[in-house]
Structure formats: C-alpha cells, structure tokens
Amino acid sequence: MDFLNNIDWQAALAENWPTLAAYGLKALGAFILLIVGLRISGAMASLVRRQAVKRPNIDETLGSFFASLVRWFLTAATIIAALQLFGIQATSFVAILGAMTLAIGLSLQGALGNIASGIMIMLFRPYGVGQYIEVAGIGGTVKEINLFQTIMATPDNVQVIVPNSQAIDGVIKNYAGYPTRRIDLVFGIDYGDGMEHAISVIEGVIKADKRVLADPAPVVRVSALGASSVDIIARPWVKTPDYWETRWALTMNVKAALDDAGISIPYPHQVNVTKSES
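In terms of full-length UniProt numbering, the sequence shown is residues 1 to 278.
Worth flagging that the hints you see were computed from the coordinates, not collected in a lab. Among these hints, one or two may not hold up.
Unchecked claim - Restricting the straight-line Cα-Cα distance to at most 25 Å, the calculated cross-link-like pairs of lysine-lysine (PhoX-like) are:
| id | residue 1 | residue 2 |
| --- | --- | --- |
| 1 | 210 | 239 |
| 2 | 143 | 239 |
| 3 | 255 | 210 |
| 4 | 239 | 207 |
| 5 | 239 | 173 |
| 6 | 143 | 54 |
| 7 | 255 | 207 |
| 8 | 207 | 173 |
| 9 | 255 | 239 |
Stated by the list, open to error - Between beta-carbon pairs, the in silico distance windows are:
| id | residue 1 | residue 2 | range |
| --- | --- | --- | --- |
| 10 | 154 | 253 | 22 to 30 Å |
| 11 | 216 | 154 | 25 to 33 Å |
| 12 | 175 | 267 | 25 to 33 Å |
| 13 | 169 | 69 | 17 to 25 Å |
| 14 | 161 | 244 | 18 to 26 Å |
| 15 | 244 | 216 | 15 to 23 Å |
| 16 | 253 | 51 | 46 to 54 Å |
| 17 | 216 | 253 | 54 to 62 Å |
| 18 | 51 | 182 | 36 to 44 Å |
Built from N, CA and C at the ideal position, the CB exists for glycine as well.
Could you put the whole structure together from the sequences, leaning on the hints where they help?
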C-alpha cells in the first residue's frame with residue numbers, strides 16, 4: 001500500500017496519456033466496428049434468405065444455409081478487421097482458424113459430403129417433397145429434404161432415411177418427374193374369342209374414363225400369343241396424380257366389360273394323365 005501511495009498518479013497519467021489515448025481510441029474504434037459489422041452481417045443474411053426463397057429452384061432450407069454462410073463469413077471478416085484495428089496482427093489468427101477448419105473438415109468428411117449432396121439436390125431438384133421416387137433401391141414418397149438426408153415414407157408407411165450422398169450418387173427414379181404417365185395393362189382372352197371384338201370392348205372402356213388423355217392417344221393392340229391366351233396390351237396416358245386410381249378402375253371395368261361381352265379370360269389348366277399298367 002505504501003508503494004501505491006508513493007506513486008505520483010498525476011505525473012504517471014500525464015506521461016502515459018498519449019499511449020492510453022491511442023489504445024483507447026483503437027479499442028473504441030474496434031468496438032464500434034464490431035457492433036456495426038455484426039449488424040450488417042445479420043442484415044445481409046436476412047436479405048440473402050429473403051431473396052433466395054423467392055427463386056423457384058431454391059427452397060427455404062437452402063436459403064437458410066446460404067444466409068448462414070453469409071453471416072459467418074461477414075462475422076469472421078468483422079472480427080479480423082476489429083483485431084487489426086486494435087493493433088493485433090490477424091495473420092496468426094487466420095492461420096489457426098484455417099488449421100481448425102481443415103481438421104474439422106477431415107473429421108467430418110461424410111457429413112460434409114452429405115451437405116454438398118443436399119445442396120445439389122436442392123439446386124438441381126431431381127425430386128421434391130411429395131413425389132414418389134426410388135433411390136438407393138428403395139421406393140417411397142419424399143417427406144423431407146434437408147442438408148444431410150432425404151426422409152421418405154414407403155407405401156406401407158415405414159420411414160426411410162437416405163443420406164443425401166447415397167441418393168445423389170446412385171440412380172434416381174422419379175415417378176412424378178413428368179406431368180403425365182402411361183399405364184401398361186395386359187389382358188388375356190381365349191383363342192376362340194374374336195380379337196377385334198375384344199379390342200373394341202377394351203377401347204370403349206378406356207374412352208369412357210374421363211381421366212384418360214386424348215393426346216397421346218391410347219394404344220390397344222394384340223401383343224403376344226401366349227400358351228393359354230391371346231394377350232392384348234392397353235396403354236392409355238393419364239395425368240401423374242391420376243395414375244393409380246385410373247389403373248385400378250380400368251382393370252376392374254375392362255374385366256366386367258369382357259364378361260358382359262361374353263369374352264372369357266382363360267387361365268392355365270392342369271390335366272392329370274394316369275397310365276394303367278397292363
């Protein structure tokens with residue numbers, strides 16, 4: 001305490017005032033720069049998010065991801081600028097940050113691969129939410145797409161989670177990728193029945209269904225001569241959302257119409273032959 005009492009504070013302050021004032025101004029400038037920079041980074045991130053979601057090929061998840069990148073980049077730049085303004089060389093800080101980024105990247109290669117694949121899916125849109133697809137050998141309706149994975153529900157309502165890297169690296173079959181789909185049906189008639197008559201009956205059933213498109217026109221032709229039946233193919237086109245209901249309805253209605261027309265649908269018969277020993 002005696003040591004402190006013996007210090008001439010007025011003289012010490014007068015002697016060190018230029019240094020204190022310089023550092024004080026630098027600290028104040030760095031603080032102001034930090035506050036302004038953080039506000040600007042937040043505003044720019046919000047702007048990027050709003051502009052991104054307005055684009056038809058960018059959804060909200062990808063927009064938020066881009067906004068986060070902008071925010072973190074501007075925040076890092078603001079911190080580095082504030083350190084330099086305060087008089088601290090940022091070279092070593094940047095080197096340490098780069099080394100940390102490299103180490104994290106190497107340890108999270110799989111996760112980063114999924115993120116990159118998620119961005120590609122959201123940008124190029126090989127499939128979307130609500131569409132029925134097959135990826136990685138699994139079929140289901142897409143429920144959610146995020147940066148790491150695609151979540152689907154199978155027809156029997158089983159949740160399937162596919163990493164985005166597996167989805168984008170394999171073959172993707174999108175059943176809702178086009179607005180229309182073709183229904184392929186095969187009906188077998190007896191060899192004793194008239195083929196032209198059967199074709200006319202099938203064409204009538206198809207024409208009566210208003211969900212069937214006129215263009216492309218439906219095709220009904222004899223396709224094969226089977227072991228027990230003459231096979232007739234029917235290939236009408238419908239809008240993609242109508243595919244299954246129309247397929248089921250046509251199958252039932254064609255069967256009923258063939259029955260009413262007296263045209264039988266054969267099936268293989270098994271004949272047992274017993275040889276008697278003489």
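Holds or violated: residue 239 and residue 207, Cα atoms, limit 25 Å.
Holds. Residue 239 to residue 207 sits at ~15 Å (cutoff 25 Å).
Determine whether the Cβ-Cβ distance between residue 161 and residue 244 falls within the hinted range of 18 to 26 Å.
25 Å, holds
Straight-line alpha-carbon gap residue 143 to residue 239, limit 25 Å
Judged against 25 Å, a Cα distance of about 21 Å means the pair holds.
Quick check: does the Cβ-Cβ distance between residue 175 and residue 267 fall within 25 to 33 Å?
Since the Cβ atoms of residue 175 and residue 267 sit about 31 Å apart, the hinted range of 25 to 33 Å holds.
Outcome for the supplied range 17 to 25 Å, where the beta carbon pair is residue 169 and residue 69
24 Å, holds
Straight-line Cα separation of residue 255 and residue 210 no greater than 25 Å?
Given pair residue 255, residue 210 holds - Cα atoms ~18 Å apart, limit 25 Å.
Please verify whether residue 255 and residue 207 have alpha carbons no more than 25 Å apart.
Holds, at about 15 Å.
Compare the distance between the alpha carbons of residue 207 and residue 173 with 25 Å, and conclude whether the hinted pair is satisfied.
30 Å, violated
Are the Cα atoms of residue 255 and residue 239 separated by 25 Å or less?
Holds: residue 255 and residue 239 sit about 23 Å apart, inside 25 Å.
Cβ distance range 36 to 44 Å for residue 51 and residue 182, holds or violated
40 Å, holds
Take a look at whether the Cβ-Cβ distance between residue 154 and residue 253 falls inside 22 to 30 Å.
29 Å, holds
Cβ separation of residue 216 and residue 154, checked against the hinted range 25 to 33 Å:
Roughly 31 Å apart at Cβ, these two residues keep to the hinted range, so it holds.
Of the numbered hints listed earlier, those contradicted by the structure are 8 and 17.
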